[in-house]
Each structure stands twice: as C-alpha cells, then as structure tokens.
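*Asks:* Spelled out, the chains give:
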Amino acid sequence: MAGAALAVPFWPPPAAQSATAVDHLFIFLLAICGTVAAGIFITILYFAARYRRRADDEIGSLRPSPLWVELTWTAIPAAIFLFIFGWGARVYFSIYSPQVGALQIYVVGKQWMWEVQHPNGQREINQLHLPVNRQVQLVLTSQDVIHSFFVPAFRVKRDAVPGMYTTVQFHPTKAGEYHLFCAEYCGTEHSRMIGTVTVMEPRDYERWLAGTPRGEPLAATGERLFTKYGCVNCHGNIAPALDGVYMKGIGLADGRVVTADDQYLRESILDPGAKIVGGFPNIMPSFRGVVNEVELQALIEYLKSLGAPAAGYAGEERRPRRPVTRP
Amino acid sequence: MSTHPHLHRDDPKDYLHCEYGIRSWLFTTDHKRIAILYLVSITLMFFVGGAFATLVRLELITPQSDLLQPETYNRMFTMHGIVMVWFFLIPSIPAVLGNFLIPMMVGARDLAFPRINLLSWWLFTASGVFVLITIFIGGVDTGWTFYTPFSTFYSNSYAVAAALAIFINGFSTILTGLNFIVTVHTMRAPGMTWLRLPLFVWSNYATAVIMVLATPVLAITLLLVGIERVFRVGIFDPALGGDPILFQHLFWFYSHPAVYIMILPGMGVVSELVTAFSRKRIFGYHFVAFASMAIALFGFLVWGHHLFVSGQSLYAGLVFSLLSYLVAVPSAIKVFNWTATLYKGSVLLATPMLYALAFIGLFTMGGLTGLFVAALGVDVHVHDTYFVVAHFHYIMVGGMVTAYMGGLHFWWPKISGRMYPEGWAKIAAGLIFFGFNLTFFPQFLLGYLGMPRRYATYPPEFQVWNVLSTAGASILAVGYVVPLFYLFWSMRYGKIAPRNPWRASGLEWEEADSPPIKHNFEEVPTVTKEAYHYHEGVRLG
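Heads up: the sequence lines are chains F and R, in that order.
Read in this note's numbering, the first sequence has 3 at position 3, and its numbers run on one by one without any break.
Read in this note's numbering, the second sequence has 137 at position 137, and its numbers run on one by one without any break.
Extracted from the complex, chain F is given alone in its bound form (with noise of 0.2 Å):
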C-alpha cells in the first residue's frame, strides 16, 4: 500500500457497475467538452495574433453578425445539452431507482460514524463487508444531522437525512478495499467520518459471515423490541394488526391510500398521529425520542419479516374488537 501512496493517482478504481456507467458518461464529456474548450481557446489565440493591432489609430472592420451563426450556435449546444441531460438521467435512475431481489442493508449515519446493520445480524462500525456480483440496496437515515454515503469506486453517493429513508443500489464488480467518506458537512469531525467497503469473493463473504461475532438476526432484534415497547398489546387488537403489512396499501380514516414502506411505518411509529388507518381510533403514543434509528430499522425489518397479508386487514373493514375511549 506503500508503493499506492506515493503513485500519482489519476482515476478512482471503478469497483461497481455504477462506476462503469458513470465513468462512461464522464469520459464523454471529457472529449466532446475537451474539443470545444480546445476550439474555443485556440480560436482565441490565433484571432488575437492574426488581428493583433498594427498601427495606433487602427479601428476593426465593420462585420455583420447574421442570424443564421447565432442560430447555429445556439441550437447545435442545445441538441449536445440534450443528449448529455438524457444519458445523464439514465444513470441516475439506474442508480436511485429501488430495485426488487436486491440485499438490504440497513446504514445509520451519526456524528461521526456509519453504523451497518446486515438483516442476518452482523453489525459493523465504518466497514461495510459485500460479496461481489450482488446487487445491494442501502437504506439511509441519520440520527443527528444530514451526511451521505460516498463510495467513490462505487461512484455512488447518497445523503442520510434525518427523518426520512433514502436509498442506494449498487452492484460491486471487483473484489478489494474501497473508501468511504462523509460527503456532506457534518461538524467537526466530518472528514474522519470515514471508512472502508470491502468488496469479497463469495467464498470469502461466506467465511466473513461464518466468522463474525454476530448477534441474533435484525428482524429477531426488531421482534424483541416489539414485545418490549409493549408493541403487541394493542396491534392485532384495538389497533391494526401489522401481519404482511409491508408495502401493503393502507386506507387512510382521510380517505387516502398509502404504501406501507419503509417510510411510512417510520412515521407511524414516531408520529402515530400523522396517518391514522381508516377504522380505528388514535390512541398509539408516540415513541420518538423512545425508539432510536438504529431500533427503528431493526423494528422494520421484523415488520417486513411478518409474512403474507392476513385476510381483511385493509382498515376500513375491520372495527375495534372493543369500544375504546381515547386515553
């Protein structure tokens, strides 16, 4: 790694799929931007020597400027912004838009580490270990204020907002040890907020996941925290019952309908109030500053754990099994 250091670097590995395609693009610009800058600069140079001022009272020649070079210049860039703004979107779609079948792993950022959570159990502190060929999709939160996850070999980066879920896919092609940084400011100590994504062979994951300290599986742990927060009281009860409730469509007691993602059961469990489900009453307090981040996605993952949608749930059919009156 020595030898690494003092080389001169001048391209980032690209490690993902994400990095080929941005990469692609950007060495694109590099030469349709490098010629016209080129055009531009040496147009420059020749005009001002070819027109230098050769006596003192010289005036330059009187040039019509005809519309049809204003014209020229201004829709050939439009038609290059075009194409550059429609290769550009490609790629950001590919790389933001949630994808199905993908491993989840859960990121929490807070000043100033990143925490993992692998839904196996597997927990890590500033290193994320992935198996190459695999597509994996992070979901981001913070616990204080905003950073964002950057991979450069990933070419990849996305902010962890407080109070809401973002995601990132990427698909890691080469196996080695990569940088991660803190992309947005943080405080003070932003720039060692930094860490390590370790890319593996299958074969040495499966050894990594064998041979790591791990604790119960991440929806064992949200299962836990579902008893202990006294969860299971009321939810199959006097509140909705949460079986399959997962990107299930909810009816709202406002009429309107919502998916129940990883979002949404953030919410309802921070601010039960916010979306109540069409039928029953608001009774649910809430846990904020009770349940943090970290807990917060261990309690998704054991909702998403909760199989297939039991019969009947959609709020407006069901009824409290009891009268209840708002505490």
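For the record, the hints were derived by calculation from the structure and aren't laboratory data.
There may be inaccurate statements among the hints.
[What the hints assert, rightly or not] Derived list of chain R stretches under chain F, where covered just means 3 residues or more per stretch with a C-beta under 8 Å from a C-beta of chain F:
1) 189-202
2) 342-349
[Unchecked claim] Partner residues aside, some chain R positions facing chain F, computed with beta carbon under 10 Å:
3) G138
4) S155
5) H286
6) N337
7) M353
8) Y458
9) G537
10) G541
[What the hints assert, rightly or not] If you want a taste of the chain R side facing chain F, the calculated C-beta under 8 Å gives, among others:
11) Y147
12) R279
13) F283
14) G284
15) F287
16) S313
17) S321
Note that the Cβ used here is the ideal one computed from N, Cα and C, for glycine as well.
Given the structure of chain F, go ahead and fit chain R onto it with the hints provided.
*Replies:* Below, chain R alone, put in the same frame as chain F:
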C-alpha cells in the same frame, strides 16, 4: 497641497477634488465617491477572505490535521465562503464598477436615489462590522450554506451572529439593485434607447433584477434559521417536526440566482473590454443583451440541481437537470459572440484585454464543467467533492474576479485620473492566470478521485494534488497583492490619464473627463449612435 505637481485641472473640479475631508466621503451622495467607498470596503474584505483561504490551503498541504484542528479548519472554510460570497463577490462589480459607471453610461448625473445609495454602503459597512465581530468572537462552522439541522441545533458556533450579518448585508444588496433598475428605466439621456445601452448596463440590469427578487428569500430563510436556533420552533429540524430539505430548497432558491449575481456583471465587463480592445462592434448585440436577461430568468428555475443526492424526488431532479442545461445555452451564446468579436478586429493585448481573454477561457472551463455537474448521473459521483469546488471557483474567481480585475484596470484612468503601470500590471495578470490554474485545476482531479469538500484531513494518496493546489494558491496570492501596490502607487505617480486613453466608445469615455466632474458631464449628452460605434469614430477629447 499648495502646489500639486501632477494636478493641473481647470474648474469645475473633478469629483475627487471638489470637496475634502472625511465627512465629504462618508456622507457623500455622489455615486462615484460611493463606488470608491465600496472599493475600499470590499478590498479589505477580499484580503480577509483570502487570509482564510490561505489557512485552508496551508492546512491541506499534509493529509493529517496539523496546522489547524478540525474545529478551527471548519471555521476557516466557513468564514472564507461567507466573506467572499457576500462581502466581496456580490458587491464587487455591481457596487464598485456598476455604481461608478451606470449613471455615466446611461448619461445621468447620478443614480436615481443617491441617498439610498449611501444607505446601501452604510448597511454594507454595518454588516461587515457584524461579520468581523463574528470572526473575532470565534467564528462560525456551519459552512456558508448553513445546512439544517446542523446550523439550527448541533453547531457550537456563532451561527446567529453570522446570519444576522448576512441578513443586514442583504438589504444593502436589495437597495443597490433597486437603484440600478430605477436608474436604467428613468434616467437615460435623450437618445439613449434600450438597444443603445452598453452591454455592461444590460448585464447589471439583469443582475439588479435578481438582487431584488432573490435576496428577500435569503433574508426569510436566515430569519427562520435564527428562530429555530433561538426559540426551538420546529421548521427545519426533524426532531421538532421540521423538514431539513425544505431549508435546502429555500436556501438555493436564493443562492443559485446569487451565482448569477456573481457572474453576470463580469460578463458585462468582458463585453466592454472585448469590444474596446478589438475596436469593433460586438458580434450579436441583441443576443448578448438578451442572453443576460435569459440567464436572470432561467437562473430562478434551477435551484434543485443542488439537491440531486439529497433525497429530493428523482423526478424533480429530472426537471432541474433539464432546466440547468437550458440556462447553459445563453452562457454558451455569450462565449461564442465574444470570440467572434475578435474576428477582423484590431486586437490590442493591454492588461484589461489579457484579463478579458483569461475570463473567456476560465469561464469556458467553469461553464463546461457545469455540464458535468448538471448531468444527474455524474453528479451522483462528483457532488460535494473538490470537482464542484474547482467548478465554481473557475466561475467565481476565474470568471468574476478576473473580470473585476480587468474592469478595474480598464476604468482605472477614469476612476483615478492616472494610468496604471502596464508592465507591472501584465506581470500580475500573468501570475494570477498561472496561479489560478495551478490552484484549481488539480482540484478537478481530486474531485473525480473522490476527495470530499470541507475535509480537514484526507487519505494520503490525495496529497500530491493538494500540494500542487497550495503551491498555486501562493502564486495566486502574490498576483493579487501586486496590483494593490502599483494601483496605490499610480494614484500619485502614474501618468496623467487623458479623457479617452483607450479610444473607447461610451459616454464615460467620450463625454466625461478623467476623473469626471461631480455631476459627470458639463451638459446632459444627447446620444445619436449605437453602443459600439468604432466604425463611425469615437470622440477623444
């Protein structure tokens, strides 16, 4: 002062010598004297902001944190940003050159509201005092962007004091903008039609529109930050039920148009310089003039391109990216028209022209790299890295500061009545050009390699480029200090400037003395010619 060897003017006395004493300066309503007040104020602030930049660059010579602790480093880059953006770049060309020139260029005796103009400077000075106090009590570490909830809760620094300084500063900007708009609408001399206006006036007019419309949003946003920080009212902090992304929308709704406040006046200067030193009508006057207005208009619709990785909707990202490419078109038009103006001109590479050509080159680099960061897919990688730092420094320093230096040299004979020393000026221009590129070009490479901005420490493999960048910054610093000396020197020892030393077109050259009398013109000029009428001859004396 009984016998002044260099001064042999007839009555009426020029604006520098018609009155004496400190009161005649601090309470003047003469737009030219107010321009000088601004010149002194922003020069001071430029070197304050430059000192912070120097400390930042020195710290970054080594990967570890040695010269400054991260806590101090974070304050340094924050104060650098705040001072340079609001206390140098935004007032630079408008408040100094615009103040001095706009009334003369339109053929007026002063701005529409001379006393409000003085108020602008006093507000600016008050805000400058506030920001200096903020620095002396310990500074602020939020970044010039004040992102929430860091700025409203987590930062242990003087965020409210800094916000207050910027809040006051905003009123100065708004009043200057208002003054320019009213002056251009109502004070034009007979015959000075809109399409005879110099392009410097057009670009400052476009700037003034942005100043008046965008700055109040900044004031509101900073007020909300202050309210949340002091009274814990939930606006942006999710822990209080607020939305941190809302802050980014509000902040960039001001700050992206503000980027155009920081470049449009520079474009105006360059249009004047390129024509004067090619002695030729500008290529495509209408396109250059309307491009300024188009930039001012579209500039309001692109703020979301600062939020591509923030959690903003992907479809919003799509719209903002498309609109960002739209705003790039008028900028491209300007570059092509300036270049075409050189064709078959009579090109003289005097110092102002060197700055103008440097501007075109550096602005082209800044503009073209803007195409990279506006591309959604590329931004995901380069966002918040040194690539962005390099990109906007190419626009703001390579563009705006270069144009400001060019304009200052070009109009120096008019402002001071003296010529600057050409040899020294060319050396300084060369140092600035070389130093600038050595400072900021390596940052493009650092950015693509993945070095995030606002890092006090960094992995060792990035060191080579950081050392080069710091080396460049030291040359750049010398380049900026040299003019300070020779311009001072020239005020006493420079060659006496004739009325129109460049044989340039424009009322300030053809109808006003160097330096001009208090009310600019002996009598109100009547305009009969287009803006750049070199082919019809210009008046020399």
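*Asks:* Each hint needs a verdict: does it hold in this structure or not?
*Replies:* Verification of the supplied hints:
1. Check result for the stretch 189-202 of chain R against chain F: violated, 0 residues qualifying (beta carbon to beta carbon below 8 Å, three or more required).
2. Requiring three or more residues with a Cβ within less than 8 Å of a Cβ of chain F, the coverage given for the stretch 342-349 of chain R holds, as 8 such residues are present.
3. Against a cut-off of 10 Å between C-beta atoms, the interface hint on G138(R) is violated, since the closest Cβ of chain F lies about 14 Å away.
4. A hinted interface residue such as S155(R) counts as satisfied when its beta carbon comes closer than 10 Å to some beta carbon of chain F; here the least separation is about 7 Å, so the hint holds.
5. Annotation: interface hint on H286(R) holds; nearest CB of chain F at approximately 8 Å, less than 10 Å.
6. Below 10 Å, beta-carbon pairs count as interface contacts, and N337(R) has one with chain F at about 8 Å; its hint therefore holds.
7. Interface hint at M353(R): satisfied, since its Cβ lies 8 Å from the closest Cβ of chain F, which is below the 10 Å cut-off.
8. Of the supplied interface hints, the one on Y458(R) holds, with its beta-carbon coming within about 7 Å of a beta-carbon of chain F, less than 10 Å.
9. Look at G537(R): its Cβ gets to within about 8 Å of chain F, closer than 10 Å, so that hint holds up.
10. Taking 10 Å as the C-beta cut-off, the interface hint given for G541(R) is violated, the closest approach to chain F being about 14 Å.
11. Interface hint status for Y147(R): upheld, as the beta-carbon distance to the closest one in chain F is roughly 6 Å, under 8 Å.
12. Below 8 Å, beta-carbon pairs count as interface contacts, and R279(R) has one with chain F at about 4 Å; its hint therefore holds.
13. This hint holds: F283(R) has a C-beta 5 Å from the nearest C-beta of chain F, less than the 8 Å allowed.
14. With a cut of 8 Å, the hint placing G284(R) at the interface with chain F holds, because the nearest CB-to-CB distance is about 4 Å.
15. Interface hint status for F287(R): upheld, as the beta-carbon distance to the closest one in chain F is roughly 5 Å, under 8 Å.
16. Restraint check, S313(R) versus chain F: the minimum CB separation of about 10 Å is more than 8 Å; hint violated.
17. With 8 Å as the threshold, the beta carbon of S321(R) comes within range of chain F, its nearest partner Cβ sitting at about 6 Å, so the hint holds.
The structure is inconsistent with the numbered hints 1, 3, 10, 16, although it conforms to all the rest.
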